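Colleague: Given these sequences and hints, build the entire structure.
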Amino acid sequence: MTPKPLPPLIAVIDIGTHKTASLLGQIINGEARMLSFSERRTDGVVKGTVTDLERLTQCVHEVVNDIERGSGRAVELVYLSLSGPAADGERVKGLVAVPAHDGKVTAKDVAEAVQSVRRLEPPKGRATILYMRQPTMLDNRPVSNAVGMAGKRLEVNFWRVTMEEGNMRMRVGMVNGINIKVRDFILAAHAAACATASDADKQGVLVIDMGAGTTDWILYYKEHILCAGSLPVGGEHLTNDLSVALRISRETAEDLKLRFGSAMHRENDVNQTIWKDGDKGVGDQQFNRGTITQVLSLRYQETIEFVRKDVLRRLEAIFPGHAVKLDQNMIPSGVILTGGSANLADAAEAVQSVMGLTARVGIPKFENESLRKPEYAGVVGLMAAAITDAPPPVRRPRGFLAQLKELFRL
Amino acid sequence: MASSAAILLVGLGGAGCAMVTRLSAQLPAEVAMALLDTDARALSGGGPGGTLQLGRAQTRGMGTGGEAALGLASAEAEEPALRRLFAGVPVVVLVTGLGGGTGSGAASVVAGFAAECGATVLSFATMPFSHEGERRMRQANDATVKLGQKCHGLVVVHNDLLLQQVTPDAPLSESFAAADKWVGGALRGIASAFAPGALIAADPAVLKSLLATPGSPTLFAFGVGQGEGAAMKAARAACDCPLAHAPGTVAKVASLFVTVAGGTAMTSTEAFEAVGAVRTRFGGETSTILCARIDPALGDRIEVAVLGASLPTPKAPAKPKKGGKVEDPAQPIFEFATEESMRRGLFGGTPMTFIDGQDVDVPAYIRKAVRLPPAP
Numbered sequence: 000m001t002p003k004p005l006p007p008l009i010a011v012i013d014i015g016t017h018k019t020a021s022l023l024g025q026i027i028n029g030e031a032r033m034l035s036f037s038e039r040r041t042d043g044v045v046k047g048t049v050t051d052l053e054r055l056t057q058c059v060h061e062v063v064n065d066i067e068r069g070s071g072r073a074v075e076l077v078y079l080s081l082s083g084p085a086a087d088g089e090r091v092k093g094l095v096a097v098p099a100h101d102g103k104v105t106a107k108d109v110a111e112a113v114q115s116v117r118r119l120e121p122p123k124g125r126a127t128i129l130y131m132r133q134p135t136m137l138d139n140r141p142v143s144n145a146v147g148m149a150g151k152r153l154e155v156n157f158w159r160v161t162m163e164e165g166n167m168r169m170r171v172g173m174v175n176g177i178n179i180k181v182r183d184f185i186l187a188a189h190a191a192a193c194a195t196a197s198d199a200d201k202q203g204v205l206v207i208d209m210g211a212g213t214t215d216w217i218l219y220y221k222e223h224i225l226c227a228g229s230l231p232v233g234g235e236h237l238t239n240d241l242s243v244a245l246r247i248s249r250e251t252a253e254d255l256k257l258r259f260g261s262a263m264h265r266e267n268d269v270n271q272t273i274w275k276d277g278d279k280g281v282g283d284q285q286f287n288r289g290t291i292t293q294v295l296s297l298r299y300q301e302t303i304e305f306v307r308k309d310v311l312r313r314l315e316a317i318f319p320g321h322a323v324k325l326d327q328n329m330i331p332s333g334v335i336l337t338g339g340s341a342n343l344a345d346a347a348e349a350v351q352s353v354m355g356l357t358a359r360v361g362i363p364k365f366e367n368e369s370l371r372k373p374e375y376a377g378v379v380g381l382m383a384a385a386i387t388d389a390p391p392p393v394r395r396p397r398g399f400l401a402q403l404k405e406l407f408r409l
Numbered sequence: 000m001a002s003s004a005a006i007l008l009v010g011l012g013g014a015g016c017a018m019v020t021r022l023s024a025q026l027p028a029e030v031a032m033a034l035l036d037t038d039a040r041a042l043s044g045g046g047p048g049g050t051l052q053l054g055r056a057q058t059r060g061m062g063t064g065g066e067a068a069l070g071l072a073s074a075e076a077e078e079p080a081l082r083r084l085f086a087g088v089p090v091v092v093l094v095t096g097l098g099g100g101t102g103s104g105a106a107s108v109v110a111g112f113a114a115e116c117g118a119t120v121l122s123f124a125t126m127p128f129s130h131e132g133e134r135r136m137r138q139a140n141d142a143t144v145k146l147g148q149k150c151h152g153l154v155v156v157h158n159d160l161l162l163q164q165v166t167p168d169a170p171l172s173e174s175f176a177a178a179d180k181w182v183g184g185a186l187r188g189i190a191s192a193f194a195p196g197a198l199i200a201a202d203p204a205v206l207k208s209l210l211a212t213p214g215s216p217t218l219f220a221f222g223v224g225q226g227e228g229a230a231m232k233a234a235r236a237a238c239d240c241p242l243a244h245a246p247g248t249v250a251k252v253a254s255l256f257v258t259v260a261g262g263t264a265m266t267s268t269e270a271f272e273a274v275g276a277v278r279t280r281f282g283g284e285t286s287t288i289l290c291a292r293i294d295p296a297l298g299d300r301i302e303v304a305v306l307g308a309s310l311p312t313p314k315a316p317a318k319p320k321k322g323g324k325v326e327d328p329a330q331p332i333f334e335f336a337t338e339e340s341m342r343r344g345l346f347g348g349t350p351m352t353f354i355d356g357q358d359v360d361v362p363a364y365i366r367k368a369v370r371l372p373p374a375p
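From first to last, the protein sequence lines are chains V and H. Numbered according to numbering that gives the first Met the number 0, the first sequence spans residues 0 to 409. Numbered according to numbering that gives the first Met the number 0, the second sequence spans residues 0 to 375.
Read the hints as simulated data drawn from the structure, not as lab findings. Just so you know, these numbers come straight off a predicted model, no measurement behind them. Do not take every clue at face value.
[Stated by the list, open to error] Not the full set, but computed from the structure, chain V residues with beta-carbon under 7 Å of chain H:
1) Pro231
2) Val232
3) Asn239
4) Asp240
5) Thr272
6) Trp274
7) Val281
8) Gln285
9) Thr290
10) Gln293
11) Arg298
All C-beta atoms in this analysis are idealised placements derived from N, C-alpha and C, irrespective of residue type, glycine included.
Modeller: In structure tokens form, the structure reads like this:
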């Protein structure tokens, strides 16, 4: 009796500035079931940029070992998250004049337009990582499927993400070095959105994934990604500001941030004195809570303001000459704030005040309760995005020997 | 232009010269002054002391246009004149604005010549406003690192900090007045300590021993008090002086140099109370040098100026204990502190990240010039 073939595996790795998290699942009936999870403190990444490849490789290796051990299955392919300013995006379009004999768009026309996009060279020294589909326009009207429709001018649009070639090779090489292949890259902000925003939200929503070293954002409009961006500012900057202002160590600052921090500064905070340890013993220090909230709220709101400016700047590049407004009409679902720094108290309120849009903290939807926290939106979303965007290749029926090999790995 | 004065105040570059000119009226006679600039027009009005145009061949009197390399070459070209200027001066106080060409480029060269001529060099350097953009900030950061290595004491005044001192609708001149107040106070304090009329006097060598380690963080604070309990008010103001709270400054230092100046009514009890308060805040365990002076012009006001540094204390070679570590007396207490790492905290040493022309690794509250609530 031949053993029943195992369901296909799906493995994702989210390398952040603070932590590297990995999920392994298997696909059963088109849905992912979690097999194992691992997270470790990232080493060798500052502000989303790799500074020590050797230590980062070690860290990724450990995470992969963890999920393999936890599930008893071997990982061959992974999806990697792509965040930070190293990856940059822009809108690219392909134009085709629809042949005049019947004036109807054929699948061939669409393919030709897509081909013309793919022929576009990325900026010098950069490699194209992925294309994300944007609305197709037929005679300047958005259409969901142009095939069979009448028109003259067909325009296909993509959000093209490019990355510096050396940087991309380094990331791929790092994973190859531990004997795994990269199946695909997935934009971290897109992943976070897949975990926290519903399809209805994607009619108009801005998802901000504020991690430790970077703040990634993505804007959806009419179910398609409109634009995305990333800033090298995150939760570590909150900690840094606090440690500079109060002249305390990073660890103490991190602790105070979590316990007493807030993204909103209120007059009342100034009258509150808080103790570092609380036991008022030797070495305990007292601080003015107002200082903590003042420092943190300034940084938090500034970062959100930077996001707002970045969104407007990119929208302007897409729609030159149009005064684009970020308002409830364009973005009915408002802002979804996620990532580790969404845990700061009053974060949603701060975003709301800066953006002038409704804001909420996005909790990833996932079967496992311990991962339903903003800081895991990235890794949970990677898996969701991987299944819908780029499912792993279906395995061809294999011979007896290959199945036997698989068995012995168990 | 060699002078017999104990202190030579040197204004370098546009910002430095402007500040020295503004200060000249309120300084005691013991301070000699000199203005150095590459811009001939800026010097054409003469100055309170002498003037020296740098880089006549390099810039042809046009200024540097923000090029630090040009500022550096201009100063190097005037080496003989600069050495003549600094000959025989025990203390040189260099005031300069970093970010532009002359200040950023020439400061370390000028300070280096002064130090080589045997002077104790104390520098007051202003850093550009965050809004002045990436290039000037980078240039200023590079310049502070170089300047810190050349001079004995370096006090950095962030222009952002000046904005915190005034209400948002105050005229710009008012925020610069804060910088003048601090630097002027320091100079008055130091200068009068060496003057013959001081109650408790010091000599310039004291400053030299205090600032013996180039590159170690220099602490500076200044405060004024008036009316009843003026001394304590001044001491408290000095303790709260924003310069002593700026990021990167040390909280406590080993050696302090405190000057107290007051009107004829100032009592010794008051003066010592003030010094006690300052010591509680800033340390000064190894040595505290106190100078006091009476200046009838101050009336019922009292000024307290504090200068401090942590120098390696030369210890008598300790008897090696069993298992005990023998400390190397030459080991500096502090790591070499550069302005960059001090201001950017945990991100010191990483490449700067600019958004909207601002180095976003610098805390937001500093760039936005927001004054923080006081510590409990």
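Colleague: Hints first: check each against the structure and report whether it holds.
Modeller: These are the hints, each one checked on the structure:
1. Pro231: 5 Å, holds
2. Val232: 5 Å, holds
3. Asn239: 5 Å, holds
4. Asp240: Hint on Asp240/V: holds, closest Cβ of chain H at ~4 Å, below 7 Å.
5. Thr272: Interface hint status for Thr272/V: holds (4 Å vs cutoff 7 Å).
6. Trp274: At 10 Å from the nearest chain H Cβ, Trp274/V fails the 7 Å test, so the hint is violated.
7. Val281: 17 Å, violated
8. Gln285: 5 Å, holds
9. Thr290: 5 Å, holds
10. Gln293: Result: holds, 6 Å to nearest chain H Cβ.
11. Arg298: 4 Å, holds
Figure legend: structure checked against the earlier numbered hints; hints not met, in rising order: 6 and 7.
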